[in-house]
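Take these sequences, add in the hints, and give me the full structure.
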Amino acid sequence: MECFTCKITEAVDKSYPIRDAVFGESSGRCRWHAWDDDKVFVCTTCGRAQFFEQVAWCRKTNKFICTACSSTRTIKDTFWFWKKYQVIACPFCGEEHPTLNRQEFEGVHPWQADPFQCTQFPIWYPDGRLVKKEDLEEEKPKAKPETKKGISCPYCKAHLSITKPGTYECPRCHNRFTVKRR
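Counting from 13, one number per residue, gives the positions in the sequence shown under our numbering.
These are calculated hints, taken from the structure and not from any lab test. One should not assume that every hint holds.
Unchecked claim - Once the Cα atoms are required to be at most 27 Å apart in a straight line, the calculated DSSO-like pairs of lysine-lysine come out as:
id : residue 1 : residue 2
1  : K75       : K145
2  : K72       : K169
3  : K144      : K75
4  : K19       : K51
5  : K72       : K51
6  : K145      : K19
7  : K26       : K144
Unchecked claim - Derived Cβ-Cβ restraints for the label pairs, each shown as a range:
id : residue 1 : residue 2 : range
8  : T131      : R85       : 27 to 35 Å
9  : C105      : M13       : 33 to 41 Å
10 : F93       : K51       : 20 to 28 Å
11 : A80       : S27       : 28 to 36 Å
Note that the structure is predicted; figures quoted are calculated from it, not measured. Beta carbons are placed, not taken as given, at the ideal position from N, Cα and C, and that holds for glycine.
Here you go:
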């Protein structure tokens with residue numbers, strides 16, 4: 013069975029992939045379009061799984077926030093087949109984040125930002141590009157012995173092999189930061 017949301021998205025955007033349904037009996041759902049009872053997207057604040065249209069991801073803290081735990085605003089803007097979406101006030105960074113359906117449309121869904129965390133492929137990007145699991149296997153870094161050299165990204169805490177001063181962009185969260193001499 014195919015994911016119902018993928019099918020209706022592909023009907024309006026031919027570059028969008030139709031993924032296999034892994035949830036649901038009457039109308040199938042993929043992991044990207046999970047409902048609350050599928051337990052895929054769990055709010056960091058309340059610990060409850062949420063429907064993908066009722067949860068947002070904070071890129072700076074790598075945490076999920078649901079519409080029940082924080083204030084929201086409705087934005088009227090048509091994308092794919094939706095006529096509106098919600099932005100959720102983030103208690104972690106103070107910004108507002110759109111719900112996952114809009115984040116995917118904008119190319120900032122957590123699995124688009126870090127494809128190695130994706131649990132169902134392919135990954136769609138706004139330029140129409142698709143990334144398959146096999147594509148990542150070629151890019152996956154070989155296991156190396158743990159080394160203490162380098163720094164952690166100040167935004168997402170990813171370990172980076174940076175040893176010289178300068179301005180860098182984190183390959184994981186894409187935030188820019190400056191490393192100064194010690």
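Here's how the hints hold up against the structure:
Using a Cα cut-off of 27 Å, the hinted pair K75 and K145 holds, with the two alpha carbons roughly 24 Å apart. In summary, the hint linking K72 to K169 is supported, as the alpha carbons are separated by about 9 Å, within the 27 Å threshold. Distance check on the hinted pair: K144 and K75 sit about 25 Å apart at the alpha-carbon level, within 27 Å; holds. For a cut-off of 27 Å, the pair hint linking K19 to K51 stands: about 22 Å separates their Cα positions.
With a C-alpha separation of about 23 Å, the suggested pairing of K72 with K51 holds against the 27 Å cut-off. In summary, the hint linking K145 to K19 is supported, as the alpha carbons are separated by about 21 Å, within the 27 Å threshold. Simply put, K26 and K144 have alpha-carbon atoms about 17 Å apart, close enough for the 27 Å limit, and the pair holds. One distance hint, 27 to 35 Å for the beta-carbon pair T131 and R85, holds here, with the actual separation near 29 Å.
A hinted range of 33 to 41 Å holds for the C-beta pair C105 and M13, which are about 38 Å apart. Checking the proposed 20 to 28 Å range against F93 and K51 shows it holds: the Cβ atoms sit about 25 Å from each other. Against the hinted window of 28 to 36 Å, the Cβ-Cβ separation of A80 and S27 comes to about 33 Å, which satisfies the hint.
Taken one by one, the earlier hints all hold for this structure without exception.
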